[in-house]
Amino acid sequence: MEELFRISYPVAAADYTSAGKASTDIKKRLKQLGVGGDVLRRVAVASYEVELNLVIHSMGGELTLTVFPDAAQLVSADVGPGIPDLEMAMREGYSTANDEARSLGFGAGMGLPNMKRNADEFNITSAPGSGTTITMLFRLQA
Amino acid sequence: MYENTRYHSVRLDKDLCKGCTNCLTHCPTAAIRVRGGRAHILDNLCIDCGECIRICDYHAKVAFTDVMDNIKAYKYAIALPAPSLYGQFRDLPRPEYVLEALKKVGFDDVFEVARGADIVTRAIREKMKDPNLPKPLISSACPTVVRLIQVRFPELIENIVDIRQPMEVAASVARAEFCKKKGCDPTDVGCFFITPCPAKMTAIRTPIGQKKSELDGAISMMDIYGLLVPHINDMLSDPEYDLATGYGVAWSTSNGEANAVCPDNSLAVDGINNVIRVLEEVENDKLSDLLFLEGNACIGGCVGGPLTFENTYVAKNTIRKMVKRMPPTHPDKAVKTSLLNKYPMKNDLPFEPNTAEKLDDNMVEALRKMNRMNEIIKRLPGYDCGSCGSPTCATFAEDIVRGYCTEMDCVHLLRERLKVMAEDMVELAQSRRE
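Line order of the protein sequences matches chains A and B.
Per this note's numbering, the very first residue in the first sequence carries number 54; after that it's consecutive.
Per this note's numbering, the very first residue in the second sequence carries number 55; after that it's consecutive.
Calculated from the structure, these hints are not laboratory results.
Misleading hints may appear alongside valid ones.
What the hints assert, rightly or not - No farther apart than 20 Å at their CA atoms in a straight line, the calculated lysine to any residue pairs in the SDA-like style are these:
hint	chain 1	residue 1	chain 2	residue 2
1	B	Lys412	A	Leu193
2	A	Lys81	B	Pro185
3	A	Lys81	B	Asn327
4	A	Lys81	B	Arg422
5	A	Lys81	B	Ile211
6	B	Lys412	A	Gln85
7	A	Lys81	B	Lys400
8	B	Lys400	B	His113
9	B	Lys340	A	Gln85
If we strip away everything but chain A, and leave its shape as in the complex, we get (with noise of 0.2 Å):
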């Protein structure tokens, strides 16, 4: 497929002051260039999602938003410190957050399941030592 449009976000980790801006960036994005209705929906909270899994729980990433003709992809990547059982963290309810995002009202357990949801296709590769990668895809409509 042919790109045609790419911006990346660093996210740093712990950054709770921050969280939200990439999301609400790629939003902005999608809405310039015409994306409505239930893609953009879906990309809103799929993209909230992993940007606030990069804070809560990795060692600081990057999300990327890239267009296609007739998709969009969000990739977000880490440093670590990877999944132990990756089964385990896309079951609903399973949090691992610390204490300090479960008192900012995180680590509800429902980020992973929520971004399976809404994104038409979804692929997580992880390892201890290594980092965390999720990949989206979003059918953009004709």
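Based on the hints, put chain B in the right spot on chain A.
Chain B only, in chain A's frame:
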């Protein structure tokens, strides 16, 4: 460059505008540009919130509303005061004094918009019996918030309740009841809203969700306040007013609607920037456990409207004290079900998304523009100083790709360019001397 095709109550007085950056940086939808030494309002982005009216030190931003003389165009004129009008008169004991004063200044009849709020409360509560509604349901009472959603949160349009605004419902009932009483034709009657904000005026001229407004015009509270003051303490000639409930009156302050409609699971937010933040939460699906969301563009609710006279907090307190003295009847009891079937309650048109933010109708072209924007942004200083006439560097880049301005409109880039040119000239001069 900037053609105005839509009606807006908020406008610019060219002669008073100094071309400063106050309104530019305060507009919540980035709908203002300063070009050629004066401000321009982009009418496809303006949501009539009136923030620019508040911020302008030169009074160059004005709200167009009807003048009192306009009521004379009708054989009969009915005043429909927003409940926030009661808050303008310190320690007002009862609404009747204001209603009476409105008759003294030239209206043939009055009908409280708070009664419309009672009816709308009932209609929304009936609607909310449906368990399959989007969550949260978002109030449609503040036209600025509805327009904000159309521009910035189009995917939340389906959350907006499709029941008409209180002023619209009030006007339908007022006109019908008056015509029945007088035996006159509906076209003989002019219904005028007494408004705390320009957004309601715009909503009357160019309705959202309705083909045509039930109202014929709006008179600013600021304009009518002085006329009413001498009559406020007059004896009441007609003690037999059909009055709204305290719930309906409280719609004029933040949380009034939410408390009437859904006291157990609602959220009320006031102030346009706060509304934007909460709508972002809704957009991120963080508030789907909430049933009802009330948003008011003005801090404090309608009592904080740009066309009100009294201090917002004093007005809020006047309303609070007055409501406390009123009987605690809920609209569920005060409003008869038959009324809901007799008058139009629902919008007859869907809310449409406003696509003004879209860079181009063709997505490939829009992407090309976005790539160009990103290249331009890299060259800009990021001061968001507004000297170029656009509110931020990012908006400036967007304005360039839209063809509204060029990079040399940035004073910082211009200075860089001049520096290079000056160095070239020095070099040139020195090379000749050798």
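- Query: What hints, given by number in increasing order, does this structure fail?
  - Reply: 2, 7, 8, 9
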